[in-house]
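**Student:** What follows is each chain in one-letter form.
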Amino acid sequence: MQLKEFKIKWGMVVDIDKCTGCGACMVSCQVENNIAPMTAEDPHNNLQSMTTKRDDPSNKLRTLTWLNVYELNNGEAFPNRDTAYLPRPCMQCGHPACVPVCPVVATEKNEEGGIVSQIYPRCIGCRYCMAACPYHARYFNWWDPLWPDGMDKTLSPDTSVRPRGVVEKCNFCHTRYLKAKDRAREEGIDPMELPEGYYVPACVEVCPTGAITFGDLNNPEHKVHELSKNPNSFRLLEKLGLAPQVYYMSKREWVRKQGDNHAAGDHNSAVKQASQGHE
Amino acid sequence: MDSKLFPEGTTRCSFGQYLLWLGAVGAVLLWGVYAAFLILYNGIGVTAMDNYFGFALWITFDLAVIALGAGAFFSGFLKYILKIKQLEKIINLTVIVGFICYSGAMLVLTMDIGQPGRAWFGYWHPNVHSMLTEVIFCITCYCTVLIIEFVPLILEQKQLNRNKFIHALAHNMHVHMALFAGLGTFLSTFHQGSLGGMYGVLIGRPYAYRDGFFIWPWTFFLFVLSAVASGPVFTVLVCTAMEKITGKKLVEFKVKALMGKIAGSMLCLYLFFKYLDTWAWATGVLPRMGFTFDQMFHGVIYGKWLFWSELLVCGLLPAIMLIVPAIRNRPWLLYTAAILDCTGIVINRYVFTVQTIALPVMPFDKWYTYAPNWAEIATSAMIVAYGVMVLMLSYRYLPVFPQERELNS
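From first to last, the protein sequence lines are chains U and V. Counting with my numbering, you get residues 445 to 723 for the letters of the first sequence. Counting with my numbering, you get residues 4 to 412 for the letters of the second sequence.
Simulated from the structure, these hints should not be mistaken for laboratory data. Just to be clear, a hint being listed does not mean it is correct.
[What the hints assert, rightly or not] Interface residues of chain U toward chain V, partial, derived using beta-carbon atoms under 7 Å:
#, residue
1, T495
2, T496
3, R506
4, A541
5, V549
6, Y564
7, R566
8, G569
9, M574
10, W591
11, M595
12, V605
13, G609
14, K683
Glycine is no exception: its CB is placed at the ideal position from the N, C-alpha and C atoms.
Assemble the whole structure, with the sequences as input and the hints as a guide.
**Tutor:** Set out below in structure tokens:
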């Protein structure tokens, strides 16, 4: 398995010990990326009532949440019970499971900082990428997007609204990256060497506890470079060899064990390749 | 009323009775068309699929009918390339069954993809690394080959064939059919394999992921072998069902037993590799990915009973039944073995589609279950009804069975 490596590798380090599970990151992601809320009634479609209602937000298996917060626990009873929260954006894998399977090149791991892109006008909605992603980071647009009256005025002009029938996903707020590069050019800074804090996704900006650190994993001047090498850092399902660009940190061993798959040995060549590529 | 259209020297039920049957099947078809309309109008949100089960009943159905339709390409290969003459008595039916299965599969896929209007993107923006791209190319090309193989049979319809040009065209198409049989075999082998490859390359899904042989995961070859191990006996089952319904003998039992022998031999070959693959998966692939064999199963719905049913009850048992002449040559045992064989392949396609993605790969995630809703069931039934209709029309008006007159005289 070959890892795709680029000069810039945007990545996150999420400190699980700091995350309170407040969900602000999920909300900011929703707003930043024009993700339509689920509304059961569609006033524009009378035929809807002939089959089934659209889903309401209580159906978590149909809602669009590019960033999902999982609740973890140590499996023990009170008073030894311990809980942790794990925010899960798209992992922007170095060796993505979703990219090679797409029949129409609607998704690609590219030089935009190694962010896995999703080209909505090209997606045919076969959902093969969803079947491939073990993190469930890809979401399907089951319904035409619908905003409650007035809410459509709050849409961001920077992000396209996706039609029904395509797969969508987190892209580290790519539009913010484009803006950051433009700003850098205006200020005479090399857009290929953005200083820390120039490009920050919405979830990182809004996190009240500062649990998420974002930056270029390849740039030693960025905090994430160092944090990702911390002994308490790990990546989700490391043994699968997908080489995610999102790292997690926790001092609690049970959290690290749940995130990484410790049942496996160390003989996965892809993992070795991934760690070599990162060093 | 329409007796002048019947194949030479055959009798059929009355037109009224035929219409009654056609109406009953048509009702199921219309139910499915209604569901299909709602699905295309509202989007596939009306199905029971969700963000976990992006692949569901339709894809299982799709994979299953394509495997069962493999009788067409494999029998064509044996008849036209390897010149097994006896198969000419059932070859027309295998072509029709293949055509139904493949065209039906394409109809299902039209509904299954979220943007059916963009289906042609598979040709326009092909990703050469994706097994699905190969499936898109091969499946559409092979469906075209099946149409080409079906056309001469239509042209041989008694009244049509009186026209000299049509007669000559049908004859010439027959003469060159070996070329299309060869082309069909090539295309079909690759897309059957690629359907298997689609699952074998899912590096994040331990239930399906397999190591590779060059660029292909093992599942590529397993899917080809399992399809040719079930396709011939599925044709036998369709033929037998037609005999039971019409009350006539259509193909002599010897030919059916030969199809059973072919399928049985292929099933043995398939099982040899399937058992090796299962062992390598359980002892090599799974531990390397950080999983155990037991973690692959959950409760009753995703239980180990499916695994053992596929490998033993619907694998080893029919394989033995089909290769032992004393068992194979008894009709009811042949049909039982055929049913078990086909069931095993359907289970295989089901677990690769649904169980693979139901399995929680993240340790803190959980198993999810899926059950299709009426919209998915109605549209799948629509495809079955469409197939039955094509068979009804073909049987009544086309010379499908060359032995029919002789066997019923």
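**Student:** Please go over all the hints and tell whether each is borne out by the structure.
**Tutor:** Checked hints:
Checking T495 (chain U) against chain V: minimum C-beta separation of about 4 Å stays under 7 Å; hint holds. Annotation: T496 (chain U) was flagged as interfacial toward chain V, and the flag holds, the nearest CB pair being 6 Å apart, inside 7 Å. Interface hint at R506 (chain U): satisfied, since its Cβ lies 5 Å from the closest Cβ of chain V, which is below the 7 Å cut-off. Nearest Cβ of chain V to the Cβ of A541 (chain U): about 4 Å, under the 7 Å cut. The hint holds.
Taken as an interface hint, V549 (chain U) checks out: its beta carbon lies about 5 Å from the nearest beta carbon of chain V, inside 7 Å. Here the hint on Y564 (chain U) is broken, as its CB sits about 10 Å from the closest CB of chain V, past 7 Å. Among the interface hints, the one on R566 (chain U) holds; its C-beta lies about 6 Å from the nearest C-beta in chain V, closer than the 7 Å criterion. Interface hint status for G569 (chain U): upheld, as the beta-carbon distance to the closest one in chain V is roughly 2 Å, under 7 Å.
For M574 (chain U), the interface hint holds, since its Cβ comes within 7 Å of a Cβ in chain V; the closest pair sits about 4 Å apart. For W591 (chain U), the interface hint is violated, since its Cβ never comes within 7 Å of a Cβ in chain V; the closest pair sits about 17 Å apart. The beta carbon of M595 (chain U) is not positioned within 7 Å of any beta carbon in chain V (closest approach about 20 Å), and the interface hint is therefore violated. At about 15 Å, the closest approach between the beta carbon of V605 (chain U) and any beta carbon in chain V exceeds 7 Å, and the interface hint on this residue is violated.
With its C-beta approaching chain V no nearer than about 3 Å, G609 (chain U) sits inside the 7 Å limit, and its interface hint holds. Interface hint at K683 (chain U): satisfied, since its Cβ lies 4 Å from the closest Cβ of chain V, which is below the 7 Å cut-off.
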